[in-house]
Amino acid sequence: MNKQISQLGIVAVVLLATLIVGATYWQTWANAGLAERQDNEIRLVAQFSIKRGTIYASDGKTVLARNVVRHVSGQTLYFRRYPTGPLFAHVVGYSTQTRNQTGLEESYNDYLTASNANLDTVFHATLDRLKGSTIKGNNLILSIRPGAQALALRLLQGKCGAVVALNPTTGAVLTMVSSPSYNPNSIEHHFSRIRPLGTCGPLLNRATAGGYVPGSSFKVVTATAALDTGKFTPNSQFYDPGYCIEYGKEVRNAGNPEAPETFGNVTLFQGLQHSINSVFCNVGKAIGAGTILDYMKRFGFYKLPSIELPDSEMIASGLYNHGRLFWPKHPEFQVDPGRLAFGQERLKVTPLQMAMVAATVANHGVEMKPYLVQRVVSPAGKTVTTAHPHAIATVMKPQTASELNAMMQAVVTGGTGTAAQIPGIPVAGKTGTAETAAGSNVYTAWFIAFAPADHPKIAVAVVLEHQVGGFGGVVSAPIAKQVMEALLK
Amino acid sequence: MTLSPRNRELAFLCVVGILTAIGFASVYIARQSVVSTASLTYAAIFFALYIAAHVVTRMTVPFADSYLLPIAGLLTAIGLTEIYRLNPRDAFRQGFWIVVAVGLFSATLLFFRHDYRRLESYKYLFGLGAIVLLVLPLAPGIGRTVNGARLWIGVGSLEFQPGELAKIMLIVFLAGYLREKREVLAQGRLKDFGPLLVIWGMAMLVLLETRDLGGGLLYFGIFLGILYAATGRVAYVAVGLALFVVGSIGVWKVTPHVQERVTIWRHPWTSHPVYCPSALHHLALRQDCQGYQEVQGLYSLAHGNYGGTGLGRGIVTTISSTNGNPHTLIPYANTDFIFAVIGQELGLIGTSALLLVYMVFVLRGVRIALLAEDGFSKLLAAGLTFGFALQTFIIVGGIERIIPLTGITLPFVSYGGSSVVANFVLLAGLLLVSNRANRDVLR
Chain A
1 MNKQISQLGI
11 VAVVLLATLI
21 VGATYWQTWA
31 NAGLAERQDN
41 EIRLVAQFSI
51 KRGTIYASDG
61 KTVLARNVVR
71 HVSGQTLYFR
81 RYPTGPLFAH
91 VVGYSTQTRN
101 QTGLEESYND
111 YLTASNANLD
121 TVFHATLDRL
131 KGSTIKGNNL
141 ILSIRPGAQA
151 LALRLLQGKC
161 GAVVALNPTT
171 GAVLTMVSSP
181 SYNPNSIEHH
191 FSRIRPLGTC
201 GPLLNRATAG
211 GYVPGSSFKV
221 VTATAALDTG
231 KFTPNSQFYD
241 PGYCIEYGKE
251 VRNAGNPEAP
261 ETFGNVTLFQ
271 GLQHSINSVF
281 CNVGKAIGAG
291 TILDYMKRFG
301 FYKLPSIELP
311 DSEMIASGLY
321 NHGRLFWPKH
331 PEFQVDPGRL
341 AFGQERLKVT
351 PLQMAMVAAT
361 VANHGVEMKP
371 YLVQRVVSPA
381 GKTVTTAHPH
391 AIATVMKPQT
401 ASELNAMMQA
411 VVTGGTGTAA
421 QIPGIPVAGK
431 TGTAETAAGS
441 NVYTAWFIAF
451 APADHPKIAV
461 AVVLEHQVGG
471 FGGVVSAPIA
481 KQVMEALLK
Chain G
1 MTLSPRNREL
11 AFLCVVGILT
21 AIGFASVYIA
31 RQSVVSTASL
41 TYAAIFFALY
51 IAAHVVTRMT
61 VPFADSYLLP
71 IAGLLTAIGL
81 TEIYRLNPRD
91 AFRQGFWIVV
101 AVGLFSATLL
111 FFRHDYRRLE
121 SYKYLFGLGA
131 IVLLVLPLAP
141 GIGRTVNGAR
151 LWIGVGSLEF
161 QPGELAKIML
171 IVFLAGYLRE
181 KREVLAQGRL
191 KDFGPLLVIW
201 GMAMLVLLET
211 RDLGGGLLYF
221 GIFLGILYAA
231 TGRVAYVAVG
241 LALFVVGSIG
251 VWKVTPHVQE
261 RVTIWRHPWT
271 SHPVYCPSAL
281 HHLALRQDCQ
291 GYQEVQGLYS
301 LAHGNYGGTG
311 LGRGIVTTIS
321 STNGNPHTLI
331 PYANTDFIFA
341 VIGQELGLIG
351 TSALLLVYMV
361 FVLRGVRIAL
371 LAEDGFSKLL
381 AAGLTFGFAL
391 QTFIIVGGIE
401 RIIPLTGITL
411 PFVSYGGSSV
421 VANFVLLAGL
431 LLVSNRANRD
441 VLR
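As they're listed, the protein sequences go chains A and G.
For the first sequence, position 425 (counting from the first letter as 1) is numbered 425 according to the numbering used here, and the numbering increases by one without interruption.
For the second sequence, position 321 (counting from the first letter as 1) is numbered 321 according to the numbering used here, and the numbering increases by one without interruption.
Treat the hints with caution; some may be incorrect.
Which chain A residues face chain G? A few, computed with CB under 7 Å, are given here [stated by the list, open to error]:
id, residue
1, Asn2
2, Ile5
3, Ala12
4, Val14
5, Leu15
6, Leu19
7, Ala23
8, Trp26
9, Glu36
10, Asn40
11, Val45
12, Ala46
13, Ile50
No wet-lab data here; the hints were simulated from the structure.
All C-beta atoms in this analysis are idealised placements derived from N, C-alpha and C, irrespective of residue type, glycine included.
All chains should be modelled from the sequences, with the hints used to inform the complete structure.
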C-alpha cells in the first residue's frame with residue numbers, strides 16, 4: 001500500500017506547489033496589470049494613504065491643494081482640498097476617489113505620491129515604507145502668480161474664454177485661466193452643483209484645449225512668414241480697395257459689413273497696424289499657404305504644446321477638417337491662402353499657442369518651452385527638480401522679430417489695439433475678431449500682446465467667446481492690459 | 001544531542017509562541033487607534049493553551065510526530081492574528097473555539113490513547129453519521145442558509161457547520177470499509193462497490209441539495225484518494241474522474257448556481273454590463289456584481305506584491321463615494337478569503353511560507369501513513385492528510401482562480417468554530433496513528 005500512499009502524497013504536494021505558482025503569478029507577474037484597473041479600489045485607497053504633496057502658487061505661500069486627514073477603521077487617509085476653489089481648477093485639476101485625476105494632480109501624480117525616480121525621493125519613500133510610517137509626497141511650487149490669476153478670473157466673470165500669460169524669456173506660465181471655472185471641491189460629492197455657463201462647459205480647460213478661430217491675431221504668424229522669407233518688408237506697398245478678390249469673389253475687410261473701411265495705398269506695416277484683411281489676403285496669395293503652414297509648424301502648431309498638463313487636456317493648433325487636425329498634402333489646392341493669411345479658413349488655435357506666438361516675437365524669435373511647475377520640493381524642503389528655461393525653436397530671425405515688434409507696438413499706439421495702452425510702458429499687441437459663422441455678428445474676440453515692448457517680461461493671449469458685436473481691440477485688449485499691469489508690478 | 005519527540009515539540013511550540021507575540025505586537029503597532037495592548041494577552045493565553053495541549057500529548061501520545069502540533073499552533077496563530085486585525089471581537093470568539101477545539105483534541109487523545117483501531121468496527125456507524133450530519137442543515141427549524149449554501153445548523157445564536165465533522169467521519173468510514181474490502185475490490189466485481197456507491201451517491205445528492213460545491217469536490221476527492229491508496233487501481237480513479245466530469249456537466253446544466261460560478265471563474269471581468277441579480281437595474285459589470293468577491297480577492301493578493309504591506313497595514317476597507325462611510329472591500333475576509341488578506345499583508349514571501357508550512361504538515365502526514373503498521377491506520381492517516389491538502393487547494397485555488405471559487409475554510413486559519421474543532425480532531429487522529437507507529441518502531 002506504501003507505493004500508492006507515496007503517490008497520493010506526491011499528488012498532494014503538487015497541488016500545494018501549484019498554489020505557490022499561482023500566488024507568484026498574481027502577486028508579481030499580474031500585479032502591475034491589476035493595479036492599473038479602474039475598479040481596483042485597493043490601489044485607489046493605497047494612493048490615499050500616501051500624504052500627497054502640497055501644491056503652492058509662485059509665492060510659495062498660497063496653498064492651491066492640501067490634504068485633509070480622515071481616520072477610517074484604523075487607516076489614516078488623506079483627501080484633497082483646494083483652498084482657492086475655482087481659481088486654479090484647470091491647472092491643478094483634482095484627485096478624487098471616484099473620478100479620474102486631472103490637471104497637474106494627474107501629470108505630477110508620481111512626484112506628489114513620492115513614486116518618482118529621483119534618488120532622494122526613492123530613498124526616503126523606501127525608508128518610510130520599511131519603518132511603516134506614512135509616505136510623504138513631494139510639494140510643487142508653480143510659476144503662476146496668484147494675484148494676476150485672481151484678477152484674470154475676475155475679469156472673465158460671466159464670460160466664456162481664457163487668459164494665458166507667459167514670461168517670454170523663460171517660458172514660465174504666469175497666468176492660466178479658463179472661464180467658466182468650477183469648484184474642484186465639489187467634484188466628489190456635489191458633482192451636480194457644477195453647472196455650465198450658457199453653452200460653455202466648466203470642466204474644459206479653454207487655455208489649452210479650447211480651439212478657436214484666431215482671426216486677425218493670426219496675422220502675426222502670416223507677417224512672420226512674409227518678413228522672414230524676405231519676400232516682403234514692413235515697407236512693402238499695397239493698394240487696399242476695401243476688399244480682396246478670392247476665386248473671383250470679394251472678401252471684405254473686417255468691420256461694419258455695410259460700410260467697409262477702405263485705406264487705399266498702404267504699407268505692410270500699416271496693414272498690420274490697422275488689421276487690413278485685403279493686405280494680408282494678397283500677402284497670403286503671394287507667399288502661398290504652404291509657406292504659412294511651414295511657419296505655423298515652426299511656432300509649434302500641429303503638435304501638443306510641451307507643457308506639463310495631461311495630453312487629454314490639450315489640443316494641437318492648426319487647420320481642422322471635420323473636427324480633426326488636418327495637414328494638407330497639397331496646400332496650393334486644398335487651402336485658401338488669402339483666408340488663411342488673416343486667420344479664418346478652418347483654423348483652430350488655443351490661447352496657449354497664441355500666447356507662445358506673442359512670446360516668441362517678444363523673445364527675438366526664440367520660442368521657449370512653456371512650463372507650470374517652477375520647483376518640486378521634498379517634504380524636508382530640499383529641491384528635487386527645478387524648471388530650467390529651455391529654447392524649443394528658433395522660429396524667425398532676430399531682424400524679423402524686431403520688425404514685428406515695432407509693427408505690433410504701432411497696433412497699440414495708433415491702431416486697432418489702443419485700449420491696451422499702459423501709461424509709461426510700451427506695449428506691443430495684435431487684435432483679432434474672428435467670425436464664427438458667415439455673416440453673423442457673434443465674434444471670437446482675441447488680443448495677444450507683450451510688454452514692455454523694449455524689454456519684454458510678459459506675453460499674454462486673451463480670448464472671449466460669443467461676443468455679440470464685440471471686437472478684440474474693444475473687449476479683450478483691456479483685459480490683456482490689466483493682467484499685464486498686474487504682472488508687471 | 002537528540003531531543004525526544006515531545007521535547008522537540010515543546011521547543012517548536014516556544015518558537016511559535018514567540019512568532020505569535022510578534023504577530024500580535026505588529027498588529028497592535030500598526031493599528032493603535034483600533035486595537036489595544038490586550039492583544040498581547042491574547043498571545044500569552046494562546047501560548048498557555050498550546051502548552052496545555054502539549055502536556056496532554058506528553059501524557060497520551062509520547063511517541064507521536066513532533067511537527068504537527070506546532071504547525072497547527074502556527075497556523076491558528078496566523079489565523080487568529082489576521083482575524084484579530086480584521087475584527088477584534090471575532091478574534092475573541094475564535095479564541096473561544098480554539099479552547100473548545102483543544103479540549104476536544106485532548107479528549108480524543110485521552111479516550112483513544114490505548115487503541116484507536118476499535119473505531120474500525122464502527123465504520124458503518126461513521127458512514128451513517130456522516131450522511132446524517134450532511135443532511136442536518138436541510139432539516140427545517142435548525143438549518144440555516146449562508147451565502148447561497150445551506151450548510152449550517154443553528155440553535156439560538158450558536159451556529160455550527162456539521163459538514164466539517166462529516167468529512168472526518170467519512171474518512172474513518174472509507175478507511176475501515178476499504179481496508180476490509182480492498183482485496184475483493186481490487187478484483188473489480190461490481191457488487192462489492194454497492195455500499196460505496198450508495199454512500200457516495202447519497203453524499204452527492206445531499207451536496208446538490210445544500211449547494212455546497214467546495215464540499216462536494218472535497219468529499220469526492222477524498223473518496224478517490226483513499227480508493228486509490230487501498231486498491232492501487234488507476235482505472236478506478238479514471239472511472240471516478242470520468243463519472244465526476246459527467247456528473248459535473250449534468251449538475252452544471254441543471255443548476256444556475258453552478259453555471260454562475262463557472263462563468264465568474266472564466267470571465268470575472270466584463271467590459272459591458274451583464275445581468276446582475278443583486279443590482280437595482282439588473283445590469284452591471286460582472287466585476288461589480290457576481291464577480292466582485294473573486295476580483296477583490298485577486299486585487300488584495302496582487303497588492304501584496306513580494307513583501308506585503310505588513311500586518312495590520314493592508315487595505316480591507318474603503319470609503320463609500322456616496323455617503324462617506326467606510327465599507328468592506330473583501331467580503332468574507334476572515335473566513336473564505338482570509339488567504340487573500342494574508343497575501344496582501346505578508347506578500348508573496350508570506351503566502352509561499354504559509355503554503356510551505358501546509359506542505360510540511362502534509363509530508364509529515366504522509367510519513368505517518370507510510371510508517372503505520374496496519375491497513376486501517378495507513379488509510380486513515382493517508383485520508384486525513386489528503387483531505388487536508390485537498391481542502392487547502394480548493395479554497396486557495398479558488399482565490400487564485402486556478403479552479404472555480406467555492407466557499408470552504410482554510411484549515412486552522414479561517415474564522416469558524418466548526419472548522420477549527422474538526423481540524424483539531426483530525427490532528428488528534430494523525431497523532432494517534434503516529435504514536436502507535438513510532439512506538440512499534442521503537443520497540
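Okay, the hints, checked on the actual structure:
no.	hint	result
1	Asn2	holds, 5 Å
2	Ile5	holds, 5 Å
3	Ala12	holds, 4 Å
4	Val14	violated, 10 Å
5	Leu15	holds, 4 Å
6	Leu19	holds, 5 Å
7	Ala23	holds, 4 Å
8	Trp26	holds, 5 Å
9	Glu36	violated, 11 Å
10	Asn40	holds, 5 Å
11	Val45	holds, 5 Å
12	Ala46	holds, 6 Å
13	Ile50	violated, 12 Å
In this structure, the earlier hints numbered 4, 9, 13 are contradicted, and the remaining ones agree with it.
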